[in-house]
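Q: So the sequences go chain by chain: A and B. Under UniProt numbering, the residues of the first sequence are numbered 1 to 576, in order. Under UniProt numbering, the residues of the second sequence are numbered 1 to 576, in order.
Hints should not be assumed to be uniformly reliable.
Put simply, identical chains are the same to the list, so a pair is met inside one copy or across any two.
[Stated by the list, open to error] Using 27 Å as the maximum straight-line C-alpha spacing, the simulated DSS-like pairs for lysine-lysine come out as follows:
1) LYS168 with LYS463
2) LYS170 with LYS30
3) LYS30 with LYS339
4) LYS315 with LYS339
5) LYS339 with LYS322
6) LYS541 with LYS513
7) LYS315 with LYS463
8) LYS375 with LYS56
9) LYS339 with LYS74
10) LYS322 with LYS463
11) LYS322 with LYS347
Just so you know, these hints were derived from the structure itself, not from any lab.
2 protein chains.
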Amino acid sequence: MSNTELNTLFESLLREDSYAGCEDAEKFKKWIPKIEKYRQDLENSIPNSLKVELPKPREELIKEQFNSINYLYKHELLTPSEFKITDTEGSELVFQMSKGHISASDVFSAFAKRAVIAHQFSNCAVEFFLDDGFHRARELDDYYEKHGKIVGPLHGLPISLKEHLAMKGKIGHVGIVSLLDNITPEDAVTVKVLQNLGAVFYVRTNEPQSLLHLDSKNNITGLTKCPFNLLLSSGGSSSGEGAICAFGGSVIGIGSDIGGSIRSPAAFSGCCGLRPTSRRISGRGVVGDGNGQESVVGVIGPLARRISDIELFMKSYINDGKPWDLDPWSLRIPWTEVKPPTLSSLKIAVVRDDGVVRVSPPIRRGLNTIVQKLKQGGAEIVEFTPFKGRLAYDVACKLSNADGNKELHAAFKASGEPLPRITKWYLNLGEGSRELSVSENRELNSIRDNLRYEYSDYMVENKIDIILGPAYNNVAPHSEEVYNESYTLLYNLLDFPSLVFQTGLFQDPEIDKWTNEDLKYEYRSKLEELENRGYKPDEFKGAPIALQLSGRRYFDEEVVAIGKSIVDYLGVDLLK
Amino acid sequence: MSNTELNTLFESLLREDSYAGCEDAEKFKKWIPKIEKYRQDLENSIPNSLKVELPKPREELIKEQFNSINYLYKHELLTPSEFKITDTEGSELVFQMSKGHISASDVFSAFAKRAVIAHQFSNCAVEFFLDDGFHRARELDDYYEKHGKIVGPLHGLPISLKEHLAMKGKIGHVGIVSLLDNITPEDAVTVKVLQNLGAVFYVRTNEPQSLLHLDSKNNITGLTKCPFNLLLSSGGSSSGEGAICAFGGSVIGIGSDIGGSIRSPAAFSGCCGLRPTSRRISGRGVVGDGNGQESVVGVIGPLARRISDIELFMKSYINDGKPWDLDPWSLRIPWTEVKPPTLSSLKIAVVRDDGVVRVSPPIRRGLNTIVQKLKQGGAEIVEFTPFKGRLAYDVACKLSNADGNKELHAAFKASGEPLPRITKWYLNLGEGSRELSVSENRELNSIRDNLRYEYSDYMVENKIDIILGPAYNNVAPHSEEVYNESYTLLYNLLDFPSLVFQTGLFQDPEIDKWTNEDLKYEYRSKLEELENRGYKPDEFKGAPIALQLSGRRYFDEEVVAIGKSIVDYLGVDLLK
């Protein structure tokens, strides 16, 4: 199918009324200087001394599907000592700082440099404040000097933050142009907690227009790209976090997830990401916190290259950070130590197809390969077809736009900014611009609850430890071409903790082709057709192949522990 | 003010459209035989051998404000051994059974008798199934005989259940006539959990029409009365649980609370009751579970005469019952052991007026007396005016009827049953029959969240351990005259765990009069006028004076521990 045909298919799925009246080119003109200033400020915030020379203009690198991570190592863009620091796991760095073997300033210098390079390739940042980072690192070193101990379990760790985590006195725009005037008066609670634990902040990262997409499209700082293949999307909506973490520009990145927004960038960009159960990590004070929407709750969570760093974040944040003292929504559930189980003790339910969109060849290969290995390792595998997959997806889509996008319309209208087609796509989900009544909302909630019961009962009654499946029906897609959220959104609807991990496999155009059998397939929906036809082997070279592990609600500890077992067994280590 | 004037005031506050079209006398006629059968079944379920002779016809006892609890002890309606058993706390009974000192059958016989007498006076039950109780008790005894140990931490404890906790194969009507045909196919999760822990079931208890009131008015089995003064309401909506627990007819009663429905019957009837933080006790499978309503969540919780029994329930239910295996909504938070603190370590914020309705003289006296004693005991007392009390109440009322009562209208219309004036009152709250849109609902949720932040921040920043205040602006009111919920509903809106305890004080017509100062008071609203003018000292003789302790969200353990400290210090023991 040609691109024109795909476009026609796409257009046939849109309803004009869902975004009518938002765009206003004339009004938008007034905002262009603000956008330009924002971009200039970003540019100015990067010291030339930390930049590297790109091998070619970025546009060309994008076209040729450039692998910036290979390039980083091959061309030794960092010194051996910088590589050593930035490729060390967080708890080890903290340990070394606690022994005085390295300083927070050394750690920060290395990550600052790597973060800047990550940005040069992937366009992951919206704001650097490296001076603050250096200052904070020196403060931590002074503290260590004076007291002979570290300030907390995240002492000196460079942590990147998705833009919508509000920071005192800074702009908070969530990818919406009209919010370029929005100066947030206070740090979000999660920022405060991390600060108290010793984190060093220095960069805020990119996200799509209003956090709407599993991509990064916005009118402010533009697209973020997958560091393994610059042609492709880094995912979204924690787009910049995916790219910076996968590139190694921060130890831990903080993203958020209401439909896949941590897991998609982790999967597409090539790192790990946990969507915790709701309310374990505080969302108080983030920009665009949902404003009273509670049918499918947005969740804050970590991305990192090592699952141990995800665990370090969760454990420190909860047990030492005690977020409930700053946010009554934060669950007072201690993070309990769960030992990674042996493979042979595990019963794993495998999802190969969710009933919404068939997976592409690289994902199919990834799943087959890993399941085969897990079987060899002694795990019990059961095939699992998600219950009512299509219903779950429809309900989740309806819930996500239940207010008829009233708030979004107003926010877009305020600047008249253009709405890219992917924004229009997301505004079209569910019932689009039709606002639901309270009873309709409750009815959908009831269906959601029955699904939660059904999935949970299935796992308990069948003693399933974990569900293993795709994180998306494809590897990282082309920018602005992420239409389907079903593989991640299901677990938002169920509120199951979900961990994306890397299989260590990458797309290979020679292997990952549609088979003749595939080509005879009868599409179950136009959405599926759009997604499947968009996969053309030659255009996804070297894209990371990730998978997703989902556990029962509030079983975050088990999900992380099982993730560690599996990744250890597979021998995948993104720090090496 | 005469009763006629009060009626006029009442009528002036009602809007006809909130309940128009529900009643249909002609249609209702067809349902009368079903109601009669239900009542007859209840009557038949009580063995004559357990009944006592009432000193006068019940109607007369009601008129003369009869104190049935005094009568129980004074006229020795139980044998000394039955008194001994039924006035022993739950954990002690279980201990004795675990040692083989008493049998579950002995325990059950005593409670069965006391429960029947409770019902004769207060009309607390809707269904007895004593044979099942005896059978279960014998089974437990057999188990003990065979295995030499008890089945669980609630082994052999007679536990009463509010009617809407579904039981397999039984009617589940929530006080709605049209649901007399509703046979529930499964036990509610909480029933299953308690059963697994060793509880003995034998009675289900009364509740108002559709659980709507802090009273018991319904068209099925009629009013439940306060056992300390049969003229007065036992409270609601866990109306029967209040009366049966206060009378000692069960060790622990299970109620539910969405606006005060555990705390009101505990306060009015004369026992203790805990509204836990939401989602700690499972509501899965109860009839009328809210159907996807989650702005202010209904909560299941315990009533008992001793706080230690409330603790026994919470601890066993959570730690041994593991409700999360049966309900993914149940929080996986272990019940942690919290030692009752010393009074001198406590900082207590005292609410004397919530800005909605002034309290009546007995409540004022109760509060003054207890605060004075707590000060003497070394507690630090700070005066606390609830933030935005009126706003909080308005928001909570609007949220409670946000669907325009659509579901209720349909349920009432199905039988055409008469709507008592108190039902009409509750249907009139908030915006009455106007259904809100999703955005309106979310906006109210946002106000609710900001209130949660404000109250929680206040407690954290000022190191407040607990809020002490009234549970209602009066002692138990006359049946069908409970208009204001503000003192309890606030904590539902905030989702704060709240414990009602007895002060050991009772209304005294000679002391608890309005003062001359009081009579000059300018009412802040018609609601306040209606409530305050309804208090006439002579009509509330001997009503128990209860108070309420509320702690931060998820600090249930601390609330219970502080409750124990305070009640111990006051020397109040309802088992003596």
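Q: Taking the hints in turn, state whether each one holds.
A: Status of each hint after checking the structure:
Only between protomers do LYS168 and LYS463 lie at most 27 Å apart by alpha-carbon distance; the minimum there is 25 Å, versus 46 Å within a single protomer. Within a single copy, LYS170 and LYS30 get their C-alpha atoms as close as 21 Å, which meets the 27 Å cut-off; across copies the closest is 68 Å, which misses it. In the homo-oligomer, the alpha carbons of LYS30 and LYS339 never lie at most 27 Å apart, since the shortest distance is 57 Å inside one protomer and 63 Å across protomers. For the homomeric pair LYS315 and LYS339, the shortest alpha-carbon distances inside one copy (13 Å) and between copies (26 Å) are both at most 27 Å.
Taking the closest pair of Cα atoms, LYS339 and LYS322 come within 27 Å of each other both inside a single copy (22 Å) and across two copies (20 Å). Only within a single protomer do LYS541 and LYS513 lie at most 27 Å apart by alpha-carbon distance; the minimum there is 12 Å, versus 85 Å between protomers. In this assembly of identical chains, the alpha carbons of LYS315 and LYS463 lie at most 27 Å apart whether taken from the same copy (26 Å) or from different copies (25 Å). With identical chains, the CA atoms of LYS375 and LYS56 are never at most 27 Å apart, being 45 Å at best within one copy and 77 Å at best between copies.
Taking the shortest Cα distances, LYS339 and LYS74 never come within 27 Å of each other, neither inside one copy (37 Å) nor across copies (61 Å). Taking identical chains as interchangeable, the C-alpha atoms of LYS322 and LYS463 lie at most 27 Å apart only when they sit on different chains, with a minimum of 15 Å there against 32 Å within one chain. In this assembly of identical chains, LYS322 and LYS347 lie within 27 Å of each other by CA distance solely across copies; the values are 21 Å between and 33 Å within a copy.
Of the numbered hints listed earlier, those contradicted by the structure are 3, 8 and 9.
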